[in-house]
Amino acid sequence: MRVALHVPRPDFLEPGFSGDHFILPGIRSGLTARGHEVQVVSYLDAREVGRGSIPARHVLPEAVRVRRQMRRFRPDAWLVYTPSVTYPDLFGWWQPPRRYVLYAADKGRPERLPRRLRPFFSAAHRRSLLTADVVGVYRPRSATRLESMGVPPNRIAVLPPMVAMPTGEVPQEEARRSLGLPLDVPVVVCVSRFTGPKADGRPGKTEGVL
6 MRVALHVPRP
16 DFLEPGFSGD
26 HFILPGIRSG
36 LTARGHEVQV
46 VSYLDAREVG
56 RGSIPARHVL
66 PEAVRVRRQM
76 RRFRPDAWLV
86 YTPSVTYPDL
96 FGWWQPPRRY
106 VLYAADKGRP
116 ERLPRRLRPF
126 FSAAHRRSLL
136 TADVVGVYRP
146 RSATRLESMG
156 VPPNRIAVLP
166 PMVAMPTGEV
176 PQEEARRSLG
186 LPLDVPVVVC
196 VSRFTGPKAD
206 GRPGKTEGVL
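Each residue of the sequence shown is one higher than the last, beginning at 6 in the numbering used here.
It should be emphasised that the hints constitute simulated quantities derived from the structure, not laboratory data. Any given hint could turn out to be false.
To be verified - Here are the simulated distance ranges between beta carbons:
| no. | residue 1 | residue 2 | range |
| --- | --- | --- | --- |
| 1 | Pro20 | Asp81 | 22 to 32 Å |
| 2 | Pro119 | Arg182 | 54 to 64 Å |
| 3 | Gly201 | Arg103 | 36 to 46 Å |
| 4 | Asp81 | Val190 | 51 to 61 Å |
| 5 | Leu188 | Gln44 | 54 to 64 Å |
| 6 | Pro119 | Arg72 | 41 to 51 Å |
What the hints assert, rightly or not - Using 25 Å as the maximum straight-line C-alpha spacing, the simulated SDA-like pairs for lysine to any residue come out as follows:
| no. | residue 1 | residue 2 |
| --- | --- | --- |
| 7 | Lys112 | Leu18 |
| 8 | Lys203 | Asp81 |
| 9 | Lys203 | Glu116 |
The model shown is predicted, which means the values in this text are computed figures rather than measured ones. Where a beta carbon is used, it is the ideal one built from N, C-alpha and C, also for glycine.
Make the full structure from the sequences, and use the hints.
This is the structure we're talking about:
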(Lines of atoms letter the chains of each structure in order from A; the text may use other names.)
(Lines give C-alpha, C1' and ligand atoms only; values in the text may rest on other atoms or scores of the structure.)
Protein backbone atom coordinates (compact mmCIF):
# COMPACT_ATOMS: atom_id res chain seq x y z
CA MET A 6 0.00 0.00 0.00
CA ARG A 7 1.22 3.51 -0.82
CA VAL A 8 0.77 5.86 2.14
CA ALA A 9 0.99 9.63 1.89
CA LEU A 10 2.21 10.83 5.29
CA HIS A 11 1.44 14.44 6.09
CA VAL A 12 2.78 16.10 9.23
CA PRO A 13 1.64 19.75 9.49
CA ARG A 14 4.43 20.19 12.10
CA PRO A 15 7.30 18.54 10.19
CA ASP A 16 9.75 18.96 13.08
CA PHE A 17 7.99 15.92 14.58
CA LEU A 18 9.66 13.86 11.84
CA GLU A 19 13.02 14.37 13.56
CA PRO A 20 13.76 11.36 15.80
CA GLY A 21 13.93 11.91 19.55
CA PHE A 22 13.52 10.18 22.86
CA SER A 23 10.04 11.30 23.90
CA GLY A 24 6.67 12.52 22.73
CA ASP A 25 5.94 13.06 19.06
CA HIS A 26 9.63 12.77 18.16
CA PHE A 27 9.48 9.17 19.36
CA ILE A 28 5.95 8.17 18.30
CA LEU A 29 5.95 9.46 14.72
CA PRO A 30 9.26 7.91 13.58
CA GLY A 31 7.96 4.67 15.13
CA ILE A 32 4.78 4.86 13.06
CA ARG A 33 6.77 5.61 9.93
CA SER A 34 9.26 2.79 10.42
CA GLY A 35 6.44 0.42 11.44
CA LEU A 36 4.56 1.07 8.20
CA THR A 37 7.73 0.56 6.18
CA ALA A 38 8.57 -2.67 8.02
CA ARG A 39 5.14 -4.02 7.06
CA GLY A 40 5.84 -3.45 3.38
CA HIS A 41 4.02 -0.15 2.87
CA GLU A 42 5.59 2.57 0.76
CA VAL A 43 5.53 5.83 2.73
CA GLN A 44 6.10 9.25 1.20
CA VAL A 45 6.14 12.51 3.15
CA VAL A 46 3.72 14.91 1.51
CA SER A 47 5.24 18.27 2.46
CA TYR A 48 7.79 19.85 4.75
CA LEU A 49 5.93 23.16 4.93
CA ASP A 50 5.32 23.98 8.60
CA ALA A 51 1.68 25.01 8.95
CA ARG A 52 2.31 26.18 12.51
CA GLU A 53 4.96 28.63 11.32
CA VAL A 54 2.55 29.85 8.63
CA GLY A 55 0.02 30.47 11.40
CA ARG A 56 2.62 32.33 13.44
CA GLY A 57 3.63 34.47 10.47
CA SER A 58 7.20 33.16 10.36
CA ILE A 59 6.45 31.72 6.91
CA PRO A 60 4.40 34.01 4.61
CA ALA A 61 0.92 32.68 3.83
CA ARG A 62 1.61 33.24 0.11
CA HIS A 63 3.87 30.18 0.19
CA VAL A 64 0.87 27.88 0.77
CA LEU A 65 -0.58 28.06 -2.76
CA PRO A 66 2.58 27.10 -4.72
CA GLU A 67 3.22 24.34 -2.18
CA ALA A 68 -0.34 23.06 -2.70
CA VAL A 69 0.26 22.93 -6.46
CA ARG A 70 3.53 21.04 -5.94
CA VAL A 71 1.85 18.58 -3.55
CA ARG A 72 -0.99 17.99 -6.01
CA ARG A 73 1.44 17.11 -8.80
CA GLN A 74 3.52 14.90 -6.52
CA MET A 75 0.50 12.98 -5.26
CA ARG A 76 -0.80 12.43 -8.79
CA ARG A 77 2.47 10.68 -9.58
CA PHE A 78 2.59 8.77 -6.28
CA ARG A 79 -1.11 7.75 -6.40
CA PRO A 80 -1.45 6.98 -2.67
CA ASP A 81 -3.89 4.35 -1.43
CA ALA A 82 -4.19 6.18 1.89
CA TRP A 83 -3.44 9.59 3.33
CA LEU A 84 -2.33 9.67 6.99
CA VAL A 85 -2.19 13.01 8.81
CA TYR A 86 -0.39 13.23 12.16
CA THR A 87 -1.48 15.67 14.94
CA PRO A 88 -3.72 18.02 12.94
CA SER A 89 -5.39 20.85 14.84
CA VAL A 90 -6.69 24.30 13.99
CA THR A 91 -3.27 25.84 14.70
CA TYR A 92 -1.58 23.48 12.23
CA PRO A 93 -4.25 21.86 10.04
CA ASP A 94 -3.89 19.67 7.00
CA LEU A 95 -3.87 22.20 4.17
CA PHE A 96 -3.26 19.71 1.36
CA GLY A 97 -5.05 16.39 1.82
CA TRP A 98 -8.81 16.62 2.20
CA TRP A 99 -9.43 18.40 -1.11
CA GLN A 100 -7.46 15.92 -3.30
CA PRO A 101 -9.58 13.76 -2.39
CA PRO A 102 -7.65 10.73 -1.05
CA ARG A 103 -9.00 7.18 -1.38
CA ARG A 104 -8.61 6.60 2.35
CA TYR A 105 -8.15 9.57 4.67
CA VAL A 106 -7.09 9.02 8.29
CA LEU A 107 -6.20 11.54 10.98
CA TYR A 108 -4.19 10.46 14.01
CA ALA A 109 -3.62 12.35 17.29
CA ALA A 110 -6.09 14.96 16.10
CA ASP A 111 -7.57 17.64 18.34
CA LYS A 112 -9.60 20.83 18.17
CA GLY A 113 -6.77 23.28 18.87
CA ARG A 114 -6.94 26.91 19.92
CA PRO A 115 -7.82 29.35 17.12
CA GLU A 116 -7.17 32.32 19.41
CA ARG A 117 -3.46 31.59 18.99
CA LEU A 118 -3.72 32.42 15.29
CA PRO A 119 -3.61 35.90 13.74
CA ARG A 120 -7.16 37.12 13.10
CA ARG A 121 -6.63 37.22 9.34
CA LEU A 122 -5.79 33.48 9.26
CA ARG A 123 -8.39 32.18 11.72
CA PRO A 124 -11.22 31.74 9.16
CA PHE A 125 -8.93 29.97 6.67
CA PHE A 126 -7.25 27.64 9.17
CA SER A 127 -10.53 26.92 10.99
CA ALA A 128 -12.31 26.05 7.72
CA ALA A 129 -9.42 23.83 6.59
CA HIS A 130 -9.37 21.94 9.89
CA ARG A 131 -13.13 21.48 9.98
CA ARG A 132 -13.20 20.18 6.40
CA SER A 133 -10.34 17.83 7.23
CA LEU A 134 -12.20 16.43 10.25
CA LEU A 135 -15.47 15.97 8.37
CA THR A 136 -13.74 14.35 5.38
CA ALA A 137 -11.75 11.79 7.39
CA ASP A 138 -12.76 8.14 7.33
CA VAL A 139 -11.31 7.74 10.83
CA VAL A 140 -10.19 10.36 13.36
CA GLY A 141 -7.81 8.92 15.96
CA VAL A 142 -7.35 10.81 19.24
CA TYR A 143 -5.10 10.27 22.23
CA ARG A 144 -7.68 10.80 24.98
CA PRO A 145 -11.46 10.79 25.54
CA ARG A 146 -11.66 14.54 26.16
CA SER A 147 -10.22 15.13 22.68
CA ALA A 148 -13.03 12.97 21.29
CA THR A 149 -15.57 15.13 23.15
CA ARG A 150 -14.09 18.30 21.69
CA LEU A 151 -14.21 16.91 18.15
CA GLU A 152 -17.79 15.72 18.58
CA SER A 153 -18.69 19.31 19.44
CA MET A 154 -17.28 20.28 16.03
CA GLY A 155 -19.63 17.87 14.27
CA VAL A 156 -17.43 14.78 13.87
CA PRO A 157 -19.69 11.69 14.18
CA PRO A 158 -18.78 9.59 17.24
CA ASN A 159 -18.64 6.40 15.14
CA ARG A 160 -15.71 7.87 13.16
CA ILE A 161 -13.66 8.75 16.26
CA ALA A 162 -11.27 6.17 17.72
CA VAL A 163 -9.54 6.73 21.06
CA LEU A 164 -6.02 5.36 20.52
CA PRO A 165 -3.63 6.32 23.35
CA PRO A 166 0.11 6.07 22.63
CA MET A 167 1.22 2.51 23.24
CA VAL A 168 3.18 1.74 26.41
CA ALA A 169 4.05 -1.52 28.12
CA MET A 170 1.16 -2.33 30.46
CA PRO A 171 1.73 -4.09 33.79
CA THR A 172 0.44 -7.65 33.97
CA GLY A 173 -0.70 -7.27 37.58
CA GLU A 174 -0.88 -4.86 40.50
CA VAL A 175 2.25 -4.55 42.64
CA PRO A 176 1.58 -4.16 46.40
CA GLN A 177 2.72 -0.79 47.73
CA GLU A 178 5.14 -2.25 50.28
CA GLU A 179 6.74 -4.46 47.64
CA ALA A 180 7.12 -1.49 45.29
CA ARG A 181 8.77 0.57 48.03
CA ARG A 182 11.18 -2.23 48.91
CA SER A 183 12.16 -2.81 45.27
CA LEU A 184 13.00 0.91 44.94
CA GLY A 185 14.79 1.10 48.27
CA LEU A 186 12.24 3.54 49.74
CA PRO A 187 11.24 3.73 53.41
CA LEU A 188 7.90 2.14 54.31
CA ASP A 189 6.68 4.77 56.79
CA VAL A 190 7.03 8.15 55.05
CA PRO A 191 4.99 9.85 52.30
CA VAL A 192 6.40 9.50 48.79
CA VAL A 193 5.60 11.91 45.96
CA VAL A 194 5.88 10.50 42.44
CA CYS A 195 6.15 12.81 39.42
CA VAL A 196 6.14 11.60 35.83
CA SER A 197 7.72 14.12 33.47
CA ARG A 198 9.95 14.37 30.46
CA PHE A 199 13.51 15.52 31.06
CA THR A 200 13.78 18.71 29.04
CA GLY A 201 16.22 21.60 28.93
CA PRO A 202 15.50 25.33 29.01
CA LYS A 203 13.14 26.73 26.37
CA ALA A 204 14.43 28.75 23.44
CA ASP A 205 13.41 32.01 25.13
CA GLY A 206 15.33 31.16 28.31
CA ARG A 207 12.36 30.08 30.43
CA PRO A 208 12.92 26.94 32.53
CA GLY A 209 11.86 23.62 31.02
CA LYS A 210 9.47 21.12 32.58
CA THR A 211 12.11 19.28 34.57
CA GLU A 212 13.49 22.43 36.19
CA GLY A 213 9.96 23.64 36.90
CA VAL A 214 9.07 20.40 38.67
CA LEU A 215 12.25 20.42 40.74
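Practice task
Against the structure, test the hints numbered earlier, and report the numbers of the ones violated in rising order.
Solution key: Those not satisfied are hints 6, 8.
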